[in-house]
Every structure is written in C-alpha cells, then in structure tokens.
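Undergrad: Chains as they are written, first to last, in this note's numbering: chain A, -3 to 593; chain B, -3 to 593.
Note that these hints are calculated values from the structure, not bench results.
Everything numeric in this text was worked out from a predicted model, so none of it was measured.
If several chains are the same, the list does not tell them apart, and a pair holds so long as it fits within one copy or across any two.
Here are the simulated PhoX-like cross-link-like pairs (lysine-lysine), alpha carbons at most 20 Å apart as the crow flies:
#1 LYS454 to LYS496
#2 LYS508 to LYS454
#3 LYS315 to LYS1
#4 LYS543 to LYS481
#5 LYS8 to LYS543
#6 LYS43 to LYS76
#7 LYS43 to LYS8
#8 LYS508 to LYS327
#9 LYS331 to LYS174
#10 LYS221 to LYS331
#11 LYS327 to LYS315
#12 LYS315 to LYS331
Protein chains: 2
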Amino acid sequence: MPSYKAPVEDVKFLLNDVFGWERYDNLPGFADASPDTVDAILEEAAKLCEQVLQPLNATGDREGCQRQPDGSVTTPKGFKQAYDAFAEGGWIGLAADPAYGGQGLPYTLAAIVNEFASAANMSFSMYPGLTQGALAALLVHGTEEQKQLYAPHMISGAWSGTMNLTEPHCGTDLGLLKTKAVQKGDGSYGITGQKIFISAGEHDLAQNIVHLVLARIEGAPAGTKGISLFIVPKLLPRVDGTPGERNAVSCGSIEHKMGIHGNSTCVMNYDGATGWLLGAENRGLNAMFVMMNEARLGVAIQGLAQSEVAYQNAAAYAKERLQSRSLSGPKAPEKPADPIIVHPDVRRMMIEIRAFNEAARALVLTTALKSDVAHRSGDEATVRAADDWLGLMTPVLKGVLTDVGFANTVKAQQVFGGHGYVGEWGMEQFVRDARIAMIYEGANGIQALDLVGRKLPKDGGRAIMSFFSEVGGFLKTHQADEALKPLAPGLKSVVDDLQKATMWFMQNAMAKPDNAGAGSTDYMHLFGLVALGYMWAQIAVAAGAKKAADPSSAALMDAKLITGKFFMERMMPETAAHLARIGTGADTMMALPADAF
Amino acid sequence: MPSYKAPVEDVKFLLNDVFGWERYDNLPGFADASPDTVDAILEEAAKLCEQVLQPLNATGDREGCQRQPDGSVTTPKGFKQAYDAFAEGGWIGLAADPAYGGQGLPYTLAAIVNEFASAANMSFSMYPGLTQGALAALLVHGTEEQKQLYAPHMISGAWSGTMNLTEPHCGTDLGLLKTKAVQKGDGSYGITGQKIFISAGEHDLAQNIVHLVLARIEGAPAGTKGISLFIVPKLLPRVDGTPGERNAVSCGSIEHKMGIHGNSTCVMNYDGATGWLLGAENRGLNAMFVMMNEARLGVAIQGLAQSEVAYQNAAAYAKERLQSRSLSGPKAPEKPADPIIVHPDVRRMMIEIRAFNEAARALVLTTALKSDVAHRSGDEATVRAADDWLGLMTPVLKGVLTDVGFANTVKAQQVFGGHGYVGEWGMEQFVRDARIAMIYEGANGIQALDLVGRKLPKDGGRAIMSFFSEVGGFLKTHQADEALKPLAPGLKSVVDDLQKATMWFMQNAMAKPDNAGAGSTDYMHLFGLVALGYMWAQIAVAAGAKKAADPSSAALMDAKLITGKFFMERMMPETAAHLARIGTGADTMMALPADAF
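Just chain A, with the same shape it has in the complex (with noise of 0.2 Å):
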C-alpha cells in the first residue's frame, strides 16, 4: 500500500530560508502567521492528510462514487467523516473572510495545505477544493446579503460548492453555451439546461450544494458577451438560513473516468431551477475568470502533489528492490542483489522527478506569496508588478506542471516494474488521477494560448519584462555566490533562448497568429524551464547560507545543490529543443490539409 510523508521541512525551509516569509509580515494576516504558527498549521495539515486522508485513497478509488436511484450519490466509505474532520480543523476558510468566519490567514497557507491533501487524496481534496473555488466567487462578486446567506455555511464546510461551466457540446468555446436563465419576475431566475463533468456536483458530504451556474439569459446577446453566472443551492435557504426545499436540479449520472473515482463527477440537469444572478448580467465569464489564476494555482499544485506522492514512492520502493548488481560493482554484497537505486537509469529517472518536485513547488509558493500580496497590499507599484507575474505565471504552472507532474507519475510507476501496473501498490492510481489535470480548468493547449496570445502582449509586453528584469538581477546580485556558480551559466543560457523564442513570436505572430499557435505549447514548457531554474538559483544561494550559518544542516542542503546541478545539466538541454521548434513555424503542420488527417 503506498503511503504519504507531507514535505513539512522542504515547505519551512522554502518558506524561511528562500522566500523570507518575515518580510511579509506587514500584510493583512501575515501578522497571525509567525513561523511557530506556521509550523504549527503546518504539523496539524501534515498529520490530517498522513493519518485521515491518505488511507482513504486506494479504497475511495476502488469503491468509488455511487449514484442511488433517487438521485442522491454517495461518497466512499470514510468521506463523510474525512471531510467533517476536514471541515471542523476549520481547513476550508483557513485563508477567507474572518468577517464570514473564515481565519484570513495567508491564501500561502492554504495552497501549501492543499498540495499536502491533494497528494494525499486527490479526489478528496477536490470536495472542499470546489468550495474554495465558489467562495472566491461569491466573495469577489456577490451582494452583502448573498455573502451573509452563503459564505459561513461554505466556509464552515456545512455546504460545499461546485462550478458548472461545461456542456456537451462546449468547453474550451464557452460562447457556445446554452443552459437557459429565465427571469422569475421576483429577482429570481429559472435556470434550465445540461452541464457536465461537473466536480463534487452531488454527494453526501454536505447539507447543501451551492451550484454557480453558467447560463444565458433570454435575450442576451450570443456568444461570450451574453453568458451571466447565477447561484443555483441544491436546497433553497429559508429565511433563516438553513436549508429549506428542494430546488430543480438533479444529478443525471456519474461519469466513468480514467481516475479521481473518489469525486462524484456529475451530468447535471437544471430543470427550471431557482438561481440568482451573482454579479452583474452579461459579465459571467468575467466573473468567473477573477478566481481562475486561484482555480488554475489549484489544479497546478494537484499535478505536484501527484507527482511528490509518487516520487516518495517510488524512493521507497528503489531502496528496498534488490534486482541484479551495480554496473560499478556490488553495492549490498551480503544481499542475493543490490537495491535497484543503485542503477544509473532508475536514479536518473528518480533524481529528474525529484529535481522537478522541489522547484515546482519553489514556483507554487512564490506565486502564492504573490497573490498574498496582490489581494492584500496597499501599494499600488507592488500590487500591480504581483499581478504581473501572477498572470504570466498561471498558464505556466497550471501546464508545466501538470504535464510534468504527469508524466513524473508515469517514470515513478515505471520505477516498480510490473508492480507498477497492477493496483496492489497504488503507483497505477496516481497515474490516473493525474491525468485529469492536464485536461480540466482549460486544457493545457489553451493554456500555453493564454500566455502567448493574451499574457505576453499584456501592456505592452510588461510581465515578461519584469520576469527578465527580476531574474537578470537575481544572477548580478549573487553573482559571487558560490553555492550559485554550478548554476548560473545554465539558467543565463536559457533566458537567452527564452528571450530569442519571445522575440521570435513579437516578429513572426503578430501577423500571422498560426504561427503562435505552433510554438505555443513549447513556449509554455520553455518558460517553464527557465522558471524552475530561477527557482533553483534561489533555492541553491538560500542552501548555500544555511549550510554555513547551519553546519548540522549540511546533508540536506548538498542533496538541494547536488539536485539543482542535475537539473541544470539534463533538463535544461530541452530550452534549445523547445527554441528550436518554434522557430520552424506553423507552415509545414499547416500544409496539410484537414481531410488528409
């Protein structure tokens, strides 16, 4: 049975020694959050997702979620009580509104206790993850008295939430939608129509299901500019606020997917269902894409804590399977074979994981950090240079790692042989819960769109700028530190190729945009090269320090430098690939024409 380890120590270590989290201490919450309360939350999340949420997964894969014939779905056996722990460690408003009984802590916080419960229990992790996501919404946009209604009992965990935007005719393409609002005549709307793959839409879990919807009033007008977001409560609040009559929405069916069997993914059929508007009319998309960098951080952290959980794995098994000797001789003589991590090609493909985890969760908390500072500072200048690098961030994280997080599940599984194929030691399931990621909350082809279409010509080109500016000043500044010269000739050479290929798309896709479709996949994965090793410049400057104001810390900070020169040397030759690629243009792909596919 596989099992989990939350990274408590690499999180501190991030947090303290690289990122200095004291420096933040000036912002909304950070005040509450000393680094005794950190480590404290920190060790309460960590034993939460070790010892409730972990033992959950394998059997909340294998027993899934059932659909009764009444409609109602359950969840597997332990959910309930799972989730009611979850709910009462007051895990889910950790980060919210103190106002509507959140604890305002650092949304940090919350990201780095969410990478901990997705690689615990994905599928779980997407329950109260889908309220968070709601909650953002209803907080950002709702009336005072929405907020009043909704946000406690969210917060509290008493009611969860989903988010319905796909039908099955449109997901990328939301302009096509055509889920129905019809005005009541009393504030209300009717809402009908089909949604589906909808996450956590029905369960067992909570008392009520807050659903925001996106739909179409009549006579709106077509496309993108028409489409308004409505809430739409399983059960219609009462006066008092506690959940009163049914409303007119049922789950349809559950989905059979590749993975996540844990979450009830739901066709969801709204048959003239009461909903309010949240937000103004028209400006539903709008409204929802003020909480996608949050969303799309989201599902970027589950492609890490897939890949984290399967690397720890992996190690596990890589030390303790004795198979055949080491090509340099034995390694374990009194044994009838050497652990198998004592040959090259598993330790590369261990060792490529590893590099990859440390970094991506490095780029995960800076960002966090970022959107801390974005939503809760009062300069202007900071603000909006956080906002910058949050939007140019987002499409790269939520892709790279996911793609990376994915494929890292895949070189894990491949770490146990046959072993790995069969259910038994649970490496199979990481695989397939993974998967999910690359597709949902904007595929990952629209994501690398969104960065070369929409993120990198923003304001004149300023994000990239400043991400240029930043790094190029990171590497002057500590351009006599020891601990970074190992890696500093690496990642100035690949801002150089991140800076041709940028230069690249400004001459050759402003007129003719195919050709920023073509490279725009390997432009997502070079610049996240180039931004997992500014991490890891980071990271090796801030080992270096600790190594020596800290002796006793030195075998852990050399295991940090060693792994940040393996990633200079073996990932970072794929920047001159990924260069190389885009610079071919979109010609020769589209000289074939659509029929010969």
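For this one, chain A is given, so just place chain B on it according to the hints.
TA: What follows is chain B alone, placed relative to chain A:
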C-alpha cells in the same frame, strides 16, 4: 465508441514502393506471397480485426476476466467466438513451419497482422501472441517428438501457450529465480514454485494451455547459469496426443491491473506439476533469448498499434468537434464554430503522432524483413548483416515505440479534452492498455542498457558501424533526389549527433560503466529518432518516385512528404538535447547518497 480501420494502403505502399517486396522473392515462403496474395491476406486480416476484434475491445475492458471459485478463468463475452474465428482463419500459424501445420508465409506478414490485431484489441491479441512466442521456442529447442506433440495443436489454436518467467522477488534479475524442478526418474520433472504476471495464464479460449516455465533443477548452479526451461501443459497429453489428466498447475488469482483487462494476467502456482525439459539443462535463459527479438518486436508493435488507433479516433474527433474559431479567421463560417483541427496546437499533436506512426511502421516492417532474411536466407554474409540489424534495432524498437506510443495515446486523449478522460469515447483505455508495453518483455530501461551495454560493443561495434554506413550510403545515393532534399540536412545532422554520442560512450563508459547507464535511455531515444528519420528519408524517396510515376497518388504522397518534413523540423531538435544529457555523465546523479532519496 471508438473505431479502427487497418492501415492497409500504408502497408502496401511500404512493402511495395519503399522496401521492394519483390526483391525478397528468393526467400522461402515469399514466392507464395505475391503482391496479390499479400493484398488478399491484408484485406482479410483487416476485416477480421475491424469487424470482429475491435467491437470487443471496450466491452472486454469493462467486463475483464473473472476467476471462478474452481480456479478456471472466464474471458469477456465474445472472446471465445473471436478466438475461434482467429484460429480457424489460420492466423496463429501464418508464418509457422508447414511441417507442423503452419502456412510458412513471411514473418513480416505476421508482424503486420499483429499490428492490426493489437490496434483492434490489444488484450485479445495477446492470447494468440503468447502462443506464437511459446511456439517459436518450441520449434527451435524442442525434440522432434515434442514438436510433433505440441506444435500442431498450438498452430491450430486448439492449445494456447504462455511464458512463465517472473516471480514475486525477481523480474529483470532472473538469476534470483526460485522455482524448483526435481527429476522424477521417467524423464519428466516435478515443478514447484509461484510465477506472477503470467499473461493468458488461464482462460476458456483453448482446450489446453502449454506453459513454458523457467525453473532451477535441484543442484543446479546459482544465478542465471542454473536455469532451465520446461514444458508444463495444463492437461497432460495422452499417448494419442489428446489432452488428458489435469496437471498440478493452477491460477491462484488474477492481477488487478491498470489496463489490458481483457487479458487474464495470472498468478500461477506450480505444485509439483509435471514438466519436460525444453532444450538443454541449465540453458533455459538462452532458449528464452532466442525468441526475444521477435517477442520484443511484438511489444514494439503494440506501442505503434495503440498509437495508431488512438490517432485515428482523435483525427475523426478533431475534424468533427466544433470549438472556437481559427486564429486566422473562420474556416467553417456556416457552423457555430470551426472544427478543432484548424487550431495549430491540436494539429501539432495530431501530426506529431502521425509522423511517428508512419515511420515506426516502416521501421517495424524493415526489421521484420531482416528477421525473415536472418531466418530464411542461405547466404552467410546476408544473414549476418540481418542479424546485426536485428540485434541493434530490437531494443530501440521496443523502448522507443512503446515509450512514444504511450505518449501518443496521451496526446490523442488530450485532443478530446474532458471527453478523453471519461470511458465513453474509449481514449483512456488506449492509454491504460499502452502503458504495459513500456514495462513487460524487459522494462524500457533494460532495453536501453541492452543497447548500450551489449549491442553497441558487440563484435567490435560492427552493427552500429554498418548502420552508419547504410544511412550514409543512402544519403549519398539519393543526394540529387528532389523529394529527399528537404529532409536530408536534418537527417545528416542527427546522424552526426548519434555518432558523437556513440563516441562519447566509447571514451567514457568503458572505464566507468555508470556513465553508460546514466545516458542509456537518452541514447536509445536518440537512436530511435535517427532510425525513424532514416525511414522518413526512404519514404520520401519512394513517395517522390510514386508521385512522378502515378499522378493520381499525388495527394497521398504529398501528405507523406509534408509529414516527413514536419518530422525533421519538429521531432529532430530533440537529438541535440539527448546528446547534451548523455555528455553530462553519471557524476551528479551518483553524488546523491541513496538515503537522501
């Protein structure tokens, strides 16, 4: 529901136009395989695979195999009828020795049928596939009596075959195996032990099952030099050759796997089961390895097959699914949105898969032809050259076609967005099924090690030198060919990368074998790209000639030329990254202490 159309036209183009089928007329069995006969065989195989096997693929996945309380195993509904049709069609013994009831046709044709069957229904195709593997060992190593007793039944399909290698504590390292064989004094042995991951180990398709089992004779040396191979039939043949008394071999359980649910992967228990030595005592591994090339080529074909069927379904979807408008303006203005094949990133995924599939099929066929030459030619030098190619290319084919084949099923699934993640469209099954091919018949890391550790240095590097010389000769011969011109520089450049990598191993891996292990997977994939690029060069020359000779073929041939150009532009930049990674050696990855993982 997914569909499948066997790529008959592509196979005919490869056999006739690219590889010159008629040049092999002088080999036994080829005279019976005139182009017309081949056409008829391909059409018949296509019909069976498309109409009988493919419709059982999704249902077989959902239903799986069931072990009954009495230890018997029930295959999914329809498999028995399909198996009878497959057996009656003579497909199992298509290339087998006519002396035992086979058709004696070229092995190349069997490889083609294998692709069709595996694409249509991988789980199903493994039942006859395992029989063919066991049969090959029997025909090479069996006594005449053994061959007479078993081969005709296996060729007719009345009896099926299995290979029993893996035990719980040993997969790759067969030297650790514990299954015991004790002489019974009557020429037979009592076999005792447990085998795991035995494909087609028990089922209801055939009257009898002939297990080939690796075991250690009492008193045999430890390690790989004390392993013998045994024939252990499920039912002991009577004197008249009919199946008689039940042997002491049974299926203990069926493994719960990620995919290939339609194939019964069994834990097999041998409790003093009666077996007979196949081949010489203590030479069991050699007996197994004789057929390894064809068995590994068979698995390589599974990688291609899943990539092909996933491609076909993704192409159909991409031409039908309407979502968003083309970046260069509406392409289907009469529809609510454009078909997604107009979007460059979707098209990129599709053409990447296609560019791989067509070259991979060429590499499979040219290698299968070498196998026919190696087994059927009377000319020593010709046989030696063919054997060199086979030895060198087999690990490349197995490792690269299954790694990339799997990645392609993931890509094809991505084209479907959320619809790819649910069972309905069948795409996620291709991913789950394709995954095993990277693991069994020697995990791909082992293929890479076989390539750099054994195949490269063998005979003073004769095989790799011949390969370089052949590719160089081809480029020189056709240097004036207009169709080749756009592809030649790309191919030359990657051949150069492969030569540099080969040289690097010669200089750095002899003294320090970890350097070979550290770069082995990169080398295998670098080699794969060069080999596939060489296939594209040959396809381009043939396509140019065919287009000139037969203008009606222009559209098809142009599609080949465009796809080949895409391969050079977009897939080949990867070779430089492989070379760079190889050149960093093992030092950094070996520097991390094992307990730091």
